[in-house]
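The residues making up each chain are set out below.
4 protein chains.
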Amino acid sequence: MAKKIFEIDLTKKMHEQKHPGHNRWHPDIPAAFSVEPGEVFKMECLDWTDGQISNNDDPSDIEKVNLKRVHVLSGPVHVNGVEPGDLLVVDILDIGTFSAHEWGFNGIFAKENGGSFLVDHYPKAAKSIWDFEGIYATSRHVPNVKFAGIIHPGLMGVAPSQEMLDEWNRREKALVDTNPNRVPALAELPDPDSCVLGTLKGADFDRVAKEGARTVPPRENGGNCDIKNLSKGSRVYFPVFVDGAKLSVGDLHFSQGDGEITFCGGIEIPGWIELKVNVIKGGMEKYKIKKNPAFQPGPVMPHYNEYLVFEGISVNEFSGDQLYLDANTAYRNACLNAIEFLKTCGYTGEQAYMLLGSAPVQGNIGGIVDIPNACCTLSLPKEIFTNNIIPKLDE
Amino acid sequence: MAKKIFEIDLTKKMHEQKHPGHNRWHPDIPAAFSVEPGEVFKMECLDWTDGQISNNDDPSDIEKVNLKRVHVLSGPVHVNGVEPGDLLVVDILDIGTFSAHEWGFNGIFAKENGGSFLVDHYPKAAKSIWDFEGIYATSRHVPNVKFAGIIHPGLMGVAPSQEMLDEWNRREKALVDTNPNRVPALAELPDPDSCVLGTLKGADFDRVAKEGARTVPPRENGGNCDIKNLSKGSRVYFPVFVDGAKLSVGDLHFSQGDGEITFCGGIEIPGWIELKVNVIKGGMEKYKIKKNPAFQPGPVMPHYNEYLVFEGISVNEFSGDQLYLDANTAYRNACLNAIEFLKTCGYTGEQAYMLLGSAPVQGNIGGIVDIPNACCTLSLPKEIFTNNIIPKLDE
Amino acid sequence: MAKKIFEIDLTKKMHEQKHPGHNRWHPDIPAAFSVEPGEVFKMECLDWTDGQISNNDDPSDIEKVNLKRVHVLSGPVHVNGVEPGDLLVVDILDIGTFSAHEWGFNGIFAKENGGSFLVDHYPKAAKSIWDFEGIYATSRHVPNVKFAGIIHPGLMGVAPSQEMLDEWNRREKALVDTNPNRVPALAELPDPDSCVLGTLKGADFDRVAKEGARTVPPRENGGNCDIKNLSKGSRVYFPVFVDGAKLSVGDLHFSQGDGEITFCGGIEIPGWIELKVNVIKGGMEKYKIKKNPAFQPGPVMPHYNEYLVFEGISVNEFSGDQLYLDANTAYRNACLNAIEFLKTCGYTGEQAYMLLGSAPVQGNIGGIVDIPNACCTLSLPKEIFTNNIIPKLDE
Amino acid sequence: MAKKIFEIDLTKKMHEQKHPGHNRWHPDIPAAFSVEPGEVFKMECLDWTDGQISNNDDPSDIEKVNLKRVHVLSGPVHVNGVEPGDLLVVDILDIGTFSAHEWGFNGIFAKENGGSFLVDHYPKAAKSIWDFEGIYATSRHVPNVKFAGIIHPGLMGVAPSQEMLDEWNRREKALVDTNPNRVPALAELPDPDSCVLGTLKGADFDRVAKEGARTVPPRENGGNCDIKNLSKGSRVYFPVFVDGAKLSVGDLHFSQGDGEITFCGGIEIPGWIELKVNVIKGGMEKYKIKKNPAFQPGPVMPHYNEYLVFEGISVNEFSGDQLYLDANTAYRNACLNAIEFLKTCGYTGEQAYMLLGSAPVQGNIGGIVDIPNACCTLSLPKEIFTNNIIPKLDE
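Chains as they are written, first to last, in this note's numbering: chain A, 107 to 501; chain B, 107 to 501; chain C, 107 to 501; chain D, 107 to 501.
One should not assume that every hint holds.
Where chains are identical, the list cannot tell them apart; a pair therefore holds if satisfied intra-copy or between any two copies.
Calculated pairs, DMTMM-like style, for lysine to aspartate or glutamate (alpha carbon to alpha carbon, straight line, at most 20 Å) [claimed, not checked]:
id, residue 1, residue 2
1, 109, 391
2, 252, 412
3, 252, 145
4, 252, 489
5, 148, 310
6, 392, 349
Calculated from the structure, these hints are not laboratory results.
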């Protein structure tokens, strides 16, 4: 029996596909097809921007990207017999690129259109194209690095219930209301512009477009977690909020650094992912996996042996103000410290920044209790550099 | 030639030792001895509380610990020929416990005296004692786990310059002033009570005691970074701020989870550390390692193959309020999710909490740009459990 | 520009393919196509037996396999500008299965037709079919194991010079002549029966068929090394003996244990391999890589953390005779010890034997100087078993 | 309660120690002390030659070493309640060097006195001294390498029964009798010269000295396995042949390459080892661990990421004769190939040879069925070299 496949034609936009996919979260987006527990199936995916970025040296497509279009997702898939309260167990059996598309992109969003983690240091748009030779990536825009990708879906999630969706919209609106004109915005609220909602039409489309949550953040349903180690061979336990769970997936990355700090993003690709689903009836309560998914990573990620690790603490790098156990600031300083070091190796700041977004760098919480400073670390694998970057002792 | 050794008598307090050590940061604390670049020497260390915690089942010593006494450090060591602007390169050649002291402690500080990362969930003091058999730790207070320690110094640093010290005191006081009566406090300011300042006496003692920065946070000089992977075999690059660098070390941990979330802390031990120092003249500018230390981890940490990973996002767990890319909250939720799961394996919440503080769990930044939610993960190595904790699929 | 591809039609035998391939080593087998240094190309491969084994429960196809037909190889590929004395550098960029063929086979050859490493213990033919779900393999014939494949080409090599070929034939005939009627045979000599020799025809075919070396053993040109870690991401340095090097590849394995002890073999599959070639002019002398290839393994092999290791020494297991530093006997005893143990876990001897041939078990030389006993080890990764196989202490 | 310790005074020979130890295997050598199952105890050990080798640049002590003196072992330890048929479970809790002895030696034995794996290539004695700084070893005799030791006991074993001992002596004599004048010898038979037999005296001493098996080879009781990964944190399952098991240990190595190919040996040291014993009653039959020990390696060995791997096949390197699946010859050729390569990196043959004996190189069985050639590999970790040894592509 042939596998069920969510097919993608790379020459078409998501709403023109045989299966149109979606780019908002809503319980009423119809399933593309249904599967049985134990069934293996394949999802083909467009890149998260719906093909807005080109393989060239000009970052203007990054600068002007339509962010209302993201993320175009494949699905939803209805899993027969799965109900709210269950755990949906999803095995990521394999992931790959299309042989007709052996490249991906990383970019820094402009402050005015998206921004990024180091937006106040790097407010302008930039782009790097990464070429793949089998398991390896290199870039003409970031020289002297080569690494094996930890290919993964940046985004995988199940549908929220209507109650959960309402709560998302409430809490995010409350945040935006604290500073509605901020650039970049504090959050992206529902917006019918550029919606893709599967096969929905007419009044249903309009209603769902108006209510549907944006796919940008990770939430209780999984969503855009951007966890670089959620790679092939992983098993994910999703709490289930609607009948059939309604699983969707997209935003594939050939590779990503912890934090996905340039926002656009890891090495972004279209591609395919092979999945198998199972169920644990009543599993949310049984295992208390209720607020967010949990997962077991797969066994075939590249392992590195030698790292150069940069530390950062929670003191604002412009004002010198002391913040209280602020891990965001601590990690930002660790990233900035790494970038300053990489400049001494011959990289521009933008190149170093895009490298940290693309390569399998690790971001860790060091200490989070040592008042008032959080300590975070950024670990750079030495082996990804074709030159030796380690500082040399005086002879 | 015999190695230089900072000797410790486990039956005495830090101020009674042959080398009295110190528990504040100040450029004027006299060096215990000096070494040449290339020299190997040994530092013996008391536990960070100066021996206040006993090997028993009663947490009242944790509850009433005198936190003005921490951290009692060994040093400083003056490195000949090292000047401000250089990088001091410190090799951690080996670390070990004392054969007369084959146990350590982990504890949750009470909200009124220190607090911890999950203080609003676990406001009461608790204690777990961990026993060592060679490289392994087990605890009568946290059953069914056994793991190899990643033994490391929670705290290692060089002396600040007077200007740097003044800036620390300024910025930390400004933070405290925003909420001076908060419990737990936002930061610990200089306090002459319970000071140990090496061989300083009289007016010099009084001045340094009044100005000396507390050792609690990590700062530009390294300090209390609590990085679990800064273990044996590591090489650290410290920016240098005073002549001779004045290296100090203490707060040894037999093991620690990322974040050291119970605050008290990892598995706290007295012990010894063997160090070798080298120098890179003018290295701060040459390699732009100026704001914080950088390091290469050692090669002999235990590697784990199978993890169960919990995710957390930046939504306040009590109010449901949406926070903006708040990695602290996201990691707190990941920890809480792990604890809820561990309760289904038979642990109490306090046991699970202390396990996350003690065992080599990994805390990672997942996505830090996906507005408005940061995503952090807590990775629990399956191999440390003597039972299989992985959720089971329905048959 | 489209990649060059050695295409395979799974419904046809090797001699019927568009590119007919070959199953003997000879310098005069014509190249299928030529590539430039730096070029990436793809080789599709049939399984080593040319499709003689079926996905069913009956081992009679293993028992009666035509071994004169093996190994059907894809190639040769001529690399422009490469000459004898150079090193041909081959990057294994990626390897995969065909989506129409998601299974492989392992088998024990019968003593009368091939034999195997433990032939005197397991003289009868047996077969296990392994099914793939993405990166994982399981078998209905060997229950309770699941592991990620380390997919690799069992056989990759360059063409020998005529002189080298003559020497191979000389030395192997001399060995066979010491016991020409042995069952199983000591070596397989040239045999025109069942030859496939690319596009060769007529007298050239007859001459080459008569002289061409069998592909069974590894030799100076690489060949059938059956090294399980020569997997995706690896870089191989081949000494070059003829103009253009004439690279061939085949005998893909989804997985294999060290030693490939059942002979048939690892988990045998048809599939594809993506390669890139480079050259080091005069590299054989420059790096003294002259007698055999050398290689760097790739970074994405599954890593295991917990092993159960069996030892074996060089005492004959039937006679009790003491052999002198005989690593073959020592490894055989380590394998037998592992099988005896696995029987206590519920496996039959044949199942255990096929598991050791298929799963990523490690075979190591322990001591090879401690007269008179060699010590070899067989390391079984605990993680591949769905049950816990580790012996339990008395309570 | 104080731990039981087998104490060693480094200034004395084994027969002069408080616990005299032994250097032959015999069931009647009296136990030094007894322990209970579950008990932790410490064994201090002399180096295997009983202190015959000095820290200097002159290999004449290696050349003239008295091999009748080896290996001086610590023990035996009697484990209460353990009987033949049980499994003795030994945890290697930790291992270390003496702070007064931070160096070790590796040597090539002369052909006339011991020989080595490559004796026909390197017949003369050589010596390298390795200095330790914490977990790392370097050598003034083998420059530009630095690596973390995988410290382990080369030799650990239980006493044979009288029947087993008789069988050892029978089978080894039969081997020697095939070529009694061979240099080096095929095996070492019982020899009263230089015997150390614990506290035995008089007629008992004479009898045991005459019958006691040499400690050179690994055998059914464990013994001199020289397995580099049997390191700290390991758990060993020994079959038991006499009441109390009578466990002995010695021949500590700071590090060793697979095969211990120079014979003298790994990096040989005196030191200490902390052990814990448990029992599985009737475990030999229950788990079929009857012919040799099995073990689980510990979790803190250094992991390497990048290897350069050399292959070898079973063709005699002098005569060109084809051997039949001869793994000894295949591994010898892999070693020789590695040495030829290392000469291009600036090492002498002797230096390269001693490096392969000392550093954590891996020796693996590749294919052991591909008639007539066995294929073995020698994997050299790139990270142990302070220079980059990887061959460079033509630009």
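Taking the hints in turn, this is what the structure says about them:
1. Proximity of residue 109 and residue 391 under a CA criterion of 20 Å is satisfied in neither setting, with 32 Å inside one chain copy and 48 Å between copies.
2. Both within a single protomer and between protomers do residue 252 and residue 412 lie at most 20 Å apart by alpha-carbon distance, with minima of 15 Å and 14 Å respectively.
3. Taking the closest pair of Cα atoms, residue 252 and residue 145 come within 20 Å of each other only across two copies (17 Å); inside a single copy the shortest separation is 36 Å, beyond that limit.
4. When the C-alpha separation of residue 252 and residue 489 is checked against a cutoff of 20 Å, the pair qualifies both within a copy, at 9 Å, and between copies, at 18 Å.
5. Taking the shortest alpha-carbon separations for residue 148 and residue 310, neither the intra-copy value of 28 Å nor the inter-copy value of 48 Å comes in at or below 20 Å.
6. For the identical chains of this complex, residue 392 and residue 349 are intra-copy neighbours only, at 19 Å inside a copy versus 49 Å across copies, given an alpha-carbon limit of 20 Å.
Comparing the model with each earlier hint shows violations of hints 1 and 5; every other hint is respected.
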